[in-house]
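Protein chains in written order, with the numbering used here: chain P, 1 to 662; chain Z, 1 to 189.
Don't read these hints as lab results, they were simulated from the structure.
Treat the hints with care, since some could be wrong.
Per the computed footprint, the stretches of chain Z lying under chain P, defined by three or more beta-carbons under 8 Å from a beta-carbon of chain P, are [stated by the list, open to error]:
no., stretch
1, 36-47
2, 65-72
3, 129-137
Owing to the predicted nature of the structure, the values given are computational and were not obtained by experimental measurement.
Positions of the beta carbon are idealized from the N, C-alpha and C atoms, including for glycine.
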Amino acid sequence: MDVIARIARLLAAARNVALLALTLSALAAGRLAAETPADLPGALQALQDRAPSATASGDGAWGKRWWIEKTARLLRGGEGLGPADDVDALLRLPEEEIARRFMADRRFGDTILDFNMYFLGFKIDSLKQDGLYRRNAFDFPNAVASAQALLTGGDYLKLFDLKGPFYMAPLPLEFDDPLPANETRLPAETVRIKAIDEVEAVYTRLIAMGSGPVPPAADDFCYEIEKVLEGSSAMHTRLLRAFNDPEIFVLRRGQVLTRPMEIIARAYHSECEGKAEAKVDVKHLTAEIRRAFDYFYRVIGEVLKHEPSNYRPQSVLDFRQFDLGAFGMKTWLAFGWEQSNALKNSSTNFNRKRGAYVLKRFFCDDLTPVGFDTPKEHVAGAHGSDTTCYACHYKLDPMAGFFRNLGADFYNYGRALMVVFDDDANSDRTKYETNWAAAPGSPRKWNVGYIRSPRWEDANAYGNGVGDLSRIMRASPEPKRCLMKRLYQYLVAEDQAIDGAYLDALTRKFEAEAAVNSSTAMKNAIVRIVSSNAYRKQDADPRRCYDRAPRAKSEGAPPCSVAYILEKNCAQCHSGAEPSGGLELTKWTAPPGGTMPSFPHRGADGKTVTPHETFARLVERLSTSDPARRMPKQMAMPSQERQALFLWAQEEHTRLAKGAAP
Amino acid sequence: MIRRLFAAAALCLCLPPLALAEGAQFKGWSAISRELSTRLAKPGIPLDLDQFMPAEDVDGLLGTWNGFGDEHSFKNGAPNSVNMMIWRVALSGFAKSVAASCKSPQLEFGAPFLATLRELCAWPAAAAKSEDVLQAYWFAVMGYNAPESEYRAWRDFFLGASYRDRPAAETIDAMTFAITMNPYFLLQP
């Protein structure tokens, strides 16, 4: 009986929780209000360089406090208002000044690093844990360099640099793998010193042997060196117990363990193999061992500067640049430990996952397959002969080509005979590279680049390696537009509709200001967005565009998510008194006798074409590869815009097929 | 327990309908913990709120950006019966802890919050029911996330028949729970 009563109580409690969940879900789903021109207060004030108004939307002081709290949280690395904030003083300030005050706070560095990681697709919940930066915060050097630049008035667009400085995270205080029994109670730093001392002892023993007052017998010395070379793998494994995988990734990329052994091996082969003992140069052998040791010693010295006992950065500006000279490098590839795990290549996908990542993250191109412009030349290969595949591969493969020399873990195989992939397969590099060889007679060597159109090559940007990709990203408008789009999503909401014309206006302003100073441009862009209508709208409807570009028409215009795309790419022919094909693409009205709005569309016989038929044709004309039918005719349409319009048209077509309301 | 749950649900239901973003998602445990610490804790010493979680490693079920081995997106943020249960367990534990702090602080609260709480601890005395005290407590926990209508509904409910004569511990427990289960507190703006 008691058990039954307990079960009944449990069920009652579960029912109440479910009731609350349903309530919250219903509230979260919310009502979707209809868009009215009255809700769209004209041109975007910030884009017209007017000072933002002193009060936020909403109910007076409560509304402004809400805006201040939200802005504080966003611009101070997640920290909203607390007891130390003088809210009444803030209430008296104009919004722009409040935003700029928050951007002057040192916590703003965390916001920018967090946003940069969001832009790169690797945001985490919190950059810090117990007051210290998590390892992830250091893993994206272009994000860190860009954030530091923003805080110091430097070049924020370092975010697009795929090669640059390196920032090592503080060394671990705990190890992922178990330690030998006699070390389990030792502090991590002590274990590291012990492990490093063991390796150093091997080098110093050889150096002492070779440089002693009585030179060793050459055979004996060579034998000792041979033993060290043979045992190097085991020696390195022992050393690596003092690090975790992310640090081991760094040590490997920096060739901290292999390069010294290569130096010694080369000297060993030249002196100890095929030479008479009398001709063996012990001094040369010793000098080379010393050189190898110096390399190891210098790198380890640099690594140990990141012991948590003396390296505990408190702000993004405290992140120290690693001395890449210790590795014999000038720049470090921006793809670090986490991206190496997330963006693995293979002997079948080559580097397409990496290419897709760059298109998505830096160009906001989600690779929706919507046909393509027929190339002027026939395209070879499996993906060239299959039109469905080619809809993505025409841009994906050339983008992947930028990474062709970067094999497993993004290791550079550019000077090697073979390339090794993350799936442990390998390939002859020369043969593998022919996948990107340009056709004979082409003005370029490689079909590597950012491809806007396979038909209109002049619209494309070609290059060779990752450095070229960075250059293309800096020079192209798409990454800056993508940056503004992501910034809007980060500050407002990921799923909030954004008018393309407004986004273009934001981008144009950013580009113009970035030409002078990209940090100032970025801060101004933040101010514009936190002053936007969508940002200031509590309980915003994600399908509405709350912000429009100056002089934008809203009444009777197509839905805001596509109006600008239509205006830019289609209105030239499909507007006015006699639109091409009888289809007017700049108006949005209910057809005679109909209730659901659509584009005005009359057939050749003068009769109204049903919205369902209009959208069926629209979808077909956007996605066909037939140059005689593909729209817009004889011009390149940005693939991001084609994708957005196609997806929207497809959705409308489905909606109309179901007879649903807009 | 059930009474407090109904208090929160009733508050939600009697409020004017919201037009919160379609499919609005939870902020996630990490963000909520940080918000509460910023408002209530001693400077630089975050509140240990993980103690209220019903099990280890379930915070990811309340909405998270964390991940490994692929690009990160916000996961598990949509309200469902499982994460609501976890929120309820965690935040009811927190609410009880706040209420119990009238006798002695159960968490590392900062002086400003303790001062605000102490005034409310006089409930059901009239002094604890003043607009200043109630509003100060509302802002201390909710911050400025919610519109005034939410505050009024909360205040009026607790000044009404259900709680006006109840002991302080029970009332503060329910008050805190109602604030922290409010969609304006839990959901992304």
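A quick look at each hint next to the structure:
A stretch counts as covered by a chain when three or more of its residues have a beta carbon under 8 Å from one of that chain; for the stretch 36-47 of chain Z and chain P the count is 5, and the coverage holds. Here the stretch 65-72 of chain Z counts 7 residues with a CB under 8 Å from a CB of chain P, which clears the bar of 3, and the coverage holds. Evaluation of the coverage hint for the stretch 129-137 of chain Z: breached, as 0 residues show C-beta separations to chain P shorter than 8 Å, against a requirement of three.
Violated hints amount to a single one, hint 3; each of the other numbered hints is respected by the structure.
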